[in-house]
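Throw the hints in and build the complete structure from the sequences for me.
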Amino acid sequence: MKRTYALWGTLLLLSGAAVAGSLYTGAGDLGDESLRATFLRLRALRTAAGFGAGACLAVAGVLVQALFRNPLAGPSIVGATAGATLGGQLALLGGQGLIAAGVAARLAPEMLVPIGAIAGALFALSALLLIVRGSNDPTHVLLAGFLLSSLFLSIGAFALSLAQDTWELGRAVLSFTLGGVSGRGPGHVAIVATALSAGLAAAMLWAPSLDVLLSGDDEASTLGVDVATTRRWGIVWTAVLSGGAVAVAGNVAFVGLIVPHAIRPFAGVMHRRLLPAVAVAGGLFVVTCDVATRLISVKANMPLGVITGLIGAPLFLLLLRRSQLLGESHG
Amino acid sequence: MADALTLRNLRVLRGSHVCVHDVSWTVEAGTVAAVLGPNGAGKSTLLRGIVGLLPAQGSAQVLGRDVATMSRRERARRVAWLPQESALRTAMPVRDVVAAGLFARRSALGGLTENDAGGVDEAMRAVDVASLSTRPFTQLSGGERRRVLLARALATGAELLLLDEPTAALDLAHALRFFDTIRELTRLGRTVVCVLHDLNDALRFSDLAIVLHHGRQVSSGRTRDALTDDVIRSAWGVSQSPDAAARFDLLESAR
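Residue numbers (the working numbering), protein chains in the order written: chain L, 1 to 331; chain B, 1001 to 1255.
Just so you know, not all the hints are guaranteed correct.
As the list claims (entries may be wrong) - Stretch by stretch, here's where chain B covers chain L in the computed footprint (C-beta under 8 Å, at least three residues):
| hint | segment |
| --- | --- |
| 1 | 218-232 |
| 2 | 243-256 |
| 3 | 260-271 |
Said to hold, decoys possible - Cβ-Cβ distance ranges computed for the label pairs, FRET-style:
| hint | chain 1 | residue 1 | chain 2 | residue 2 | range |
| --- | --- | --- | --- | --- | --- |
| 4 | L | Phe158 | B | Met1070 | 51 to 61 Å |
| 5 | B | Arg1233 | L | Leu143 | 41 to 51 Å |
| 6 | B | Leu1112 | L | Lys2 | 12 to 22 Å |
| 7 | B | His1017 | L | Ser197 | 44 to 54 Å |
| 8 | L | Ile155 | B | His1017 | 33 to 43 Å |
| 9 | L | Arg322 | B | Gly1143 | 17 to 27 Å |
Everything labelled a hint here was simulated from the structure, so no lab data went into it. Positions of the beta carbon are idealized from the N, C-alpha and C atoms, including for glycine.
Right, dumping it as structure tokens:
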């Protein structure tokens, strides 16, 4: 219990510091009274979008690791974020045409990218599940995820080249592809908040099944878990969380892999204790990385994914090494 | 006495291949029954077929109810299965592992009730893992893990326990204690069906036995009747030694 209090105390303290840092860091001068409120509002929206995206990715990471019983899985490792990015790119490319043709008349234009991103993540996870069906080999999952990510990135690059014919569309697709939370508005915050609250609530509801699923499909099934349904809904909610995060922040790598590993030693492996802590830690991590992008480069926006990638890649290698040494899963 | 398990012409399949052929066997409630046979005889496959992990034809009834007609949760409340080797590779605290046995009895939102917690404690005490309560599962020895999983099976409260080589990783004292525990369970009305390799253990601790060879039922009945010289010779290709096997008993102080 002491450990739980210490964890939550630390998380809330650090989150408060990161939010304050995010509000007071940037190119705009808060000393100018006429612009102060505007700057703070823009930075608050940016902070909320970043926090929500990080929380979504971290919760999605816990879900993916439980569903594949693989400690090295994460939304970016299994191709979900690449699939979501491709979905968002295709939505940008084809969406305007659909609206112009009246096919998507009932759809608000700003909903096209989130829907595309969620559909892309759902497609990627379903394809992965199909490829690795029946295999418990972590290497198999990693290789299949790598293959799918590469495929989606290649198609995405093609989509990007197609978009260059129109300057505005080209800029929009490029900006979405590079990712980041700069200039995010209330609509983005609403999207990521919806994805997070729905995904986290669903994950908490399924948590007892996910706990038992850590014993493998056969044992879970004989203990009463509906393995197929748990996995199917887990995939759907992972897609909602990954798609929501990518729609707002773009392809932010490694958050879903690193954050659950960092939190498990303190929160334990039981999902109802782990998930809320991981959500806060994911938000904290992304907001901190976003502040770093502003500190490192003030004139040009450094993509958020670059910072998370620079931190995440070496940590991923460490985890891979540790996992090979211990032969364990889920820390 | 009522029948806890009734198999009628049960065939267990892996894909289109029939691995266990037409087994018919009845296990009375409150008994210990052994599933015996050489390696590859189909012992574990038979248990997997009964518990619904492999497709099966024919019928398997638990206390008069066909397993195939039970919902997943009902089956989990009536039949517990201990696998030969668990797939759990997580640093989950022992108490949480054992509490997973209650999954089918809990609502989706509910935590452990006082009654549930008592059941978990009792199951842990029964197999001597109460002192390991907060230890991560991954830090336990093979024998300790086995006992924790056995506690999980006990915590389910199921009337029928299907145990696949339950004593395989246990030291002598814990193996004897295990047999004491299952004997006690049968006195309380539960029925235990376990795959055993040691025929001496089967003769000493089980009431009933079935012998399988190449997926076919060679004999069944009271253990001493099922394990005749002819059966042992034909199934295992060995003969009984005229020397009595070494016999060990648990000290009173260790019970």
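Evaluate the given range 33 to 43 Å for the C-beta pair formed by L:Ile155 and B:His1017. holds, 41 Å
Starting from the hint 51 to 61 Å, judge whether the C-beta atoms of L:Phe158 and B:Met1070 obey it. Hint holds: Cβ distance 52 Å, inside 51 to 61 Å.
Between B:Leu1112 and L:Lys2, does the C-beta distance stay in 12 to 22 Å? The hint (12 to 22 Å, Cβ to Cβ) holds, given that B:Leu1112 and L:Lys2 are roughly 21 Å apart.
So the hint says 41 to 51 Å: do the beta-carbon atoms of B:Arg1233 and L:Leu143 match that? holds, 50 Å
Under 8 Å between beta-carbons, do enough residues of the segment 260-271 of chain L, three at least, approach chain B for the coverage claim to hold? holds (count 4)
Go check the segment 243-256 of chain L versus chain B for me, would you? Three or more residues, Cβ under 8 Å, otherwise it fails. violated (count 0)
Please count how many residues of the segment 218-232 of chain L have a CB within 8 Å of a CB from chain B and say whether that reaches 3. Answer holds; 8 residues pass the 8 Å Cβ test.
For the pair B:His1017 and L:Ser197, does the Cβ-Cβ distance stay inside 44 to 54 Å? Roughly 49 Å apart at Cβ, these two residues keep to the hinted range, so it holds.
Return holds or violated for the Cβ distance of L:Arg322 and B:Gly1143 against the range 17 to 27 Å. Holds, at about 26 Å.
Comparing the model with each earlier hint shows a violation of hint 2 alone; every other hint is respected.
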